[in-house]
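Taken in order, these protein sequences are the chains called A and B. Every letter in the first sequence is one number past the one before it in this note's numbering, and letter 11, counting from 1, is 11. Every letter in the second sequence is one number past the one before it in this note's numbering, and letter 323, counting from 1, is 323.
Just so you know, these hints were derived from the structure itself, not from any lab. Take these hints with a grain of salt, some might be off.
[What the hints assert, rightly or not] Quick list of in silico lysine-lysine cross-link-like pairs, DSS-like style, CA-CA up to 30 Å: (1) B:Lys326 - A:Lys10; (2) B:Lys323 - A:Lys10; (3) B:Lys271 - B:Lys304; (4) B:Lys323 - B:Lys10; (5) B:Lys10 - A:Lys10; (6) B:Lys268 - A:Lys10.
Here the structure is a predicted model, which means the values were calculated and not measured.
Spelled out from the first residue to the last, the chains are:
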Amino acid sequence: MSEQSFNSLKMHAEDNVVIALRNLRAGEALSVQGDSADVQVQQNISYGHKVATDFIPEGQSVVKYGEWLGIATEDIAIGHHVHTHNVRGLNEQERYAARSGEERSKI
Amino acid sequence: MKTFNGYRRKNGTIGVRNHVIVMNTTGELAGLTKKLANLVPEAVPVTHQTGQMQYPEDIQQIYRTLKGTAGHPNVSATLFIGMGQNDPAETIAEELQKQGHHVHAITVRKNKSISLALNEGRQWLAEAVKRSHLEKMEMADVTELTIGLECGGSDAWSGVTANPSIGAFSDAIVDDGGTSILAETPEAIGAEHILAKRSVSEEVSEQFLKIVDDYESRALAIGEDVRSANPSPGNITGGLTTLEEKSLGCIKKGGTAPLQEVIPYSGKPEKKGFIFMDTPGYDVESVAGMAAGGAQIVLFSTGKGSPTGSPIVPVVKIGTNPKLYKNMPEHIDVDSGKILEGTHNINDIGMEIYDLVMEVANGKLTASEKNNHQEFAIWRLAETM
């Protein structure tokens, strides 16, 4: 069995978050499977939780699996924890826009 | 082209197992059915609690499930045990016989003692088992396989490891001309727009949105709000932030192929490729529905080690994390936790699943089969009268 050489997983090329595969410490470098992101983790993050690999401005969508999982409720800096404290689910209008296949940028 | 050796049935379908089963038409006969199966080595009891005092739409759903199970390609012969005047056992048996299935019905009536019924049943089953041993196998290819996709006892890794790996498998088998069925309607709530967008036509898209809306309305009618209740506090601790994220993790089992068709619970797909079946999230009812619809094998991701199996289809367990595989090796067939250990990626596990599916189609027993886990339950929409 080869040694694990990364500590996070990106589910889709268009994602702006990755999943921590183990508990990450603030200051640690993020190594993403199949990706060369140069990101330093800014906060302690539990395994299974999400870390921002792009700056996500307030009101913009958080993308995992190449799909939007919610909207940022504040600016989220690179390397920060992305969770219920700074993300909300889609509202009805946004869901309708998503159903009809409108582009993310239009929301 | 990937191939396997299976059992060709008179209606043209091909099975990967050759079971002889005994089914009750109503719950009152479940005990008798088990007793009868115990009298004949290799006879498998398929029992349930439903069938009497149901609303018409449930009666229809129950009979469709019984018929789909009895006439399943993995089944060599079925004995139905019914009771009383209006029992459907004989009607269902006749319909299936017309399609070439080896089916028999015994109805327990006033003028027939239980011991007579047991004796008749035992003789028929013993003959059926003998007959099943003589059935020849023939080669078939992957375009004749239908694989059900299920999850149960999920954990924080389900949507990261096992479900995306199943999705990679689903895309591969659909590419090869096979069929995969995604199910569990309530678990798609929050990500329904994704599957709606992936539908091959406006009509399929509308059908999909309708079954999701209907499910949500039925839940609301009894005071349950699926949207606000999810993600659960446990999900949030595990790292899931929104309902959308949870549902996306679930529908990842369906890969990225276009949605060809939406079918009712235990309905049979008419199209090949990626299909959605309207089922509950409860794994036993969902697996039974996909099996009754003709799936010959079911893939099942689990983070907590749900032991659910099926009396007629091999259920392949895909563990989501390395700890589960270490602790419950006898319950898990594929360890997608290797993704977390860094030795494999999602596509590697998807291909490992595909290889195993072909071996299972060729007769290799799954963990749930070795453990004799044979759960069966039928989904009902309404109350019992």
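For each hint, the structure was consulted:
no., hint, verdict
1, B:Lys326 - A:Lys10, "holds, 25 Å"
2, B:Lys323 - A:Lys10, "holds, 22 Å"
3, B:Lys271 - B:Lys304, "violated, 34 Å"
4, B:Lys323 - B:Lys10, "violated, 45 Å"
5, B:Lys10 - A:Lys10, "violated, 48 Å"
6, B:Lys268 - A:Lys10, "violated, 36 Å"
Violated hints, in rising order: 3, 4, 5 and 6; the structure is consistent with all others.
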